[in-house]
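A.B. asks: Spelled out, the chains give:
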Amino acid sequence: MLEIRDLRVTYGNDVVLNGVDLDLADGETLAIIGESGTGKTTLGMSIMRLVEAKVQGSIRFNGEDLLFLPDTELQEIRWNRIAMLFQNVNNVLNPVHTVLNQVAEPMIEHKLRSKKEALVKAGELLTKFGLPPKRFSAYPHQLSGGEQQRVLLSMALANDPDLLILDEPLSSLDVTTREELGNLLGMINGHRAKLVITHDLDTASRLSEKLAVLYGGKIVETGLTQQVLRYPRHPYTRALIRAYPNMTTVKDLQGIKGRMMRPVSGCPFHPRCTQAIEKCSQEIPLLTQSQGRLVACHRGGIITLLSVVNLSKSFDSLKAVDSVSLHIEAGETLALVGQSGSGKTTLAKTIMGLYSPSDGMIYLEGKEVANKGRDFYKQVQMIFQNPGESLSHRLSVLELVMEPMEVQRIGTKEQRQKKAIQTIGEVELPQTEDFLNTYPHHLSGGELQRVAIARALVLNPDLLIADEPTAFLDASVGAKILKLLLNLQERRGLSMLYITHDIAAARKISDRIAVMLDGEIIEEGPSNEIVTAPKQAYTKRLLSSASALHLSCYS
Amino acid sequence: MHISLKKEIKQSHIGKAGLIILLLVIVIAVLAPLLTRYNPNQQSAASLLSPSYTHWLGTNQVGQDIWSQLLYGARTSLLVGFGVGILSLMLSILFGVSSALIGGLYDNIIMRIVDAFIVIPMIVVVILVAAYIRPDLFVLILLLAALSWQGGARVMRAQALSLKETGHVSASRTFGASLLYIAWRHIVPDLGPILLVEFIFGVRRAVFVEAGLAFLGIGDPMLVSWGMMMRDAMKFSYLNVWQWWLVPAGVALSLTIVGLTFVSHAAESVLDPRLRGEAVA
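Each protein sequence line maps, in turn, to chains A and B. When the first sequence is numbered by the numbering used here, its final residue is 555 and no position is left out of the sequence of numbers. When the second sequence is numbered by the numbering used here, its final residue is 281 and no position is left out of the sequence of numbers.
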């Protein structure tokens, strides 16, 4: 029904939409999501031909190109066949007319109904959208924001349009009104197609079957809403979900590094992307098929950094790790949860090459890792459970952090020193001469763990294996370490394999959780699903025995 | 982990005494030419003279000055002692640490060789070999070193095996460090006190064995040595020369060995706190 091809909108030199392709069929609801400034509203306005800008490309509505339609015909289409609910409620309603009259107005204007009929229809619509009849004769300023939104929705639907463009329909409403209106909007389907423009993932997931993610004037990912929100494939989509406070995801909020810039050569997201390669800054990626949806990314969406296939490790007759398969995506945290003795640490050490595997394969960025040489360790680093033990007592803080670079033979001594000091700052440790020359036994547990983290990060690894990094710390210090790791993930796109027995901590830091028992992974999935709907009895037990405050009001 | 070896030795009276004795012997050995006018290898007067103003300890059967021989004998003793000590320590580290780190077949082969050497009494082998090849000073050092590293290697291996499992060694491996780097940067520095004790053991044993060989008359007859002096003195025991010939050499040798024993005892207490007498602050 709606077919947008290569839509480009330019205000002066400012390219707001840069080649957008969209398809919308009868009865379908498509949500356009993205941060403010990505061009969402411009897209909606362009369809209504309400933008005062240079518009190129084509917008076909039932075969007719709206961009080349004469104004008179366009008038016929607006409101009658395409209606739009505008974002800013306050400016849209006319302050000198009652709401009933305003809802009836488009029908009268377009001569669809007699005035009397129109008023009746308007009343029906308003009732349908939950405005009590006694408020029909109110003036807009007498209504609350939620009531105004009900009026606007009635207005938009007055002429029974085929396409409804909803620009932030629920964003300014309180949550309960949002819920109610959302349900009402969900019901007005039929043959009508809806385009929901929003930055609010709740609205998008509530109303739409399909989702398109807009960034920097381009669609970066599009697919079925359920799938896209559950397993985002584009780094931007994932970042957007991570930044959105909601009741579904359990991981702590994370922002997106940097800020949106325009214009950008190549992929619009590459300055903020943590997996960008050189090509990303040169060529604009096209939307291509990737795992059941379209993703515009030169790397085919979020890459799989490490995958482990049927890895086993036995010590004599004991199978510590029994045919474990798992994968970790770039910029993702996988929490490996299980009680002590379940083989978590053995698995980590086997991946790290501290134990040689009895069986199975390890792939790094799709390439098999046969002999772990210096190259492997440049990409994969580990933080050990006991920081005091993992730091040599003979080396000063600076020497400790420099050691990995020394081993890897990176740079000159001065360069190593500079990099080490910079990394020490990055983990929020003092960079003073005194501190750099301190020996580990003079540091507190939290400081030791930070030094260990700095040492693991100094090589700029892509994957960090963190084995109970907070086990030896008290909660407040541990919390700071977890925050630090999350921040590093946000800034550097660090992937993490986070090993813990504590599912309460795991859900705060991980995107996915794998539950390990007796050397096997018995359950694996998005953290929120594992936490709220565990399938295995053991997972349920882990959850019920996890730390809680045991307040009497819950019992 | 931070026990200062220097402090530990200085704080123990035995250690201090040992150090003083050792220093004395070292000073004598170094300053030998300044303390005597005679070359110990040349005839300087009539043979078998009693002590006099010119020859403090008299002369031996070929008219060499015994005082000079005593001084220069310290040189031989210490040279052999420290030479063997250092060499055998290096071999111990090399074989012990590499065995621990490499493991597998290599470890097995090295350790079986070590076992074999430990079973055979070293002194017998040394006597046999030395009797055949008549070693000069340098070859003697090599020979003794080659026969005395095995015990040390076993100790180093045991220690390295436990150090190998420590966190900072694992960490270093996860930076991609080679075995050589790990050995040099993480294992050997942590062997510290053991190295010292093993070293002093080695020195003491070598001093003793060298004296023994010379006493038995095996070895370089041109080398002035306390063992050789005692052997010569014994031949003239009927002449009452033992007072200024046999006794000084014997005392010098004993003192040196006692000094080394004292130092090693003090150093050992660093490794094993149970050996410490009173609590050391």
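Just so you know, these hints were derived from the structure itself, not from any lab. The beta-carbon is built from N, C-alpha and C at its ideal position, and this holds for glycine as well. Wrong hints could be hidden among the right ones.
For lysine-lysine, the following DSSO-like pairs were computed, each having C-alpha atoms within a straight-line distance of at most 30 Å [stated by the list, open to error]:
#1 A:K378 - B:K7
#2 A:K483 - A:K508
#3 A:K121 - A:K134
#4 B:K7 - B:K164
#5 A:K540 - A:K483
#6 B:K164 - A:K413
#7 A:K134 - A:K349
#8 A:K419 - A:K367
#9 A:K121 - A:K349
#10 B:K164 - A:K349
#11 B:K164 - A:K319
#12 A:K115 - A:K54
#13 A:K372 - B:K7
#14 A:K419 - B:K164
Partial list, computed: chain A residues near chain B (C-beta under 8 Å) [as the list claims (entries may be wrong)]:
#15 E179
#16 L224
#17 Q227
#18 M352
#19 F384
A.B. asks: For every hint, state whether the structure bears it out.
C.D. replies: Right, here's what the structure says about each hint:
Between K378 (chain A) and K7 (chain B), the direct Cα distance comes to roughly 42 Å. Violation of the 30 Å bound is thereby established for this hinted pair. Between K483 (chain A) and K508 (chain A), the direct Cα distance comes to roughly 10 Å. Compliance with the 30 Å bound is thereby established for this hinted pair. For the given pair, K121 (chain A) sits about 16 Å from K134 (chain A) by alpha-carbon distance, which is consistent with the 30 Å threshold. Taken as a hint, the K7 (chain B) and K164 (chain B) pair is honoured in the structure, with Cα atoms around 28 Å apart against an allowance of 30 Å.
Annotation: proposed proximity of K540 (chain A) to K483 (chain A) holds, straight-line Cα distance about 27 Å (limit 30 Å). As the CA atoms of K164 (chain B) and K413 (chain A) are separated by approximately 27 Å, the hinted pair is consistent with the 30 Å bound. Of the supplied pair hints, the one linking K134 (chain A) and K349 (chain A) is violated, its CA atoms being roughly 71 Å apart against a limit of 30 Å. For a cut-off of 30 Å, the pair hint linking K419 (chain A) to K367 (chain A) stands: about 29 Å separates their Cα positions.
Distance restraint check for K121 (chain A) and K349 (chain A): the Cα-Cα separation of roughly 71 Å exceeds the 30 Å cut-off, and the hinted pair is therefore not satisfied. Simply put, K164 (chain B) and K349 (chain A) have alpha-carbon atoms about 15 Å apart, close enough for the 30 Å limit, and the pair holds. Annotation: proposed proximity of K164 (chain B) to K319 (chain A) holds, straight-line Cα distance about 23 Å (limit 30 Å). For the proposed pair K115 (chain A) and K54 (chain A), the alpha carbon gap of about 39 Å is over 30 Å, so the pair is violated.
Simply put, K372 (chain A) and K7 (chain B) have alpha-carbon atoms about 44 Å apart, too far for the 30 Å limit, and the pair is violated. Of the pairs offered as hints, the one joining K419 (chain A) and K164 (chain B) holds, with about 28 Å between alpha carbons and a cut-off of 30 Å not exceeded. For E179 (chain A), the shortest C-beta to C-beta distance to chain B is roughly 50 Å, which exceeds 8 Å, and the interface hint is violated. Evaluation of the L224 (chain A) hint against chain B yields a violated restraint, the C-beta minimum of about 41 Å exceeding 8 Å.
The criterion of a C-beta within 8 Å of any C-beta in chain B is not met by Q227 (chain A), whose closest approach is roughly 37 Å, and the hint is violated. About 5 Å separates the beta-carbon of M352 (chain A) from the nearest beta-carbon of chain B, less than 8 Å, and the hint is met. The closest approach between the C-beta of F384 (chain A) and any C-beta of chain B is roughly 5 Å, which is under the 8 Å cut-off, so the hint is satisfied.
Taken one by one, the earlier hints fail for this structure at numbers 1, 7, 9, 12, 13, 15, 16, 17, listed in ascending order.
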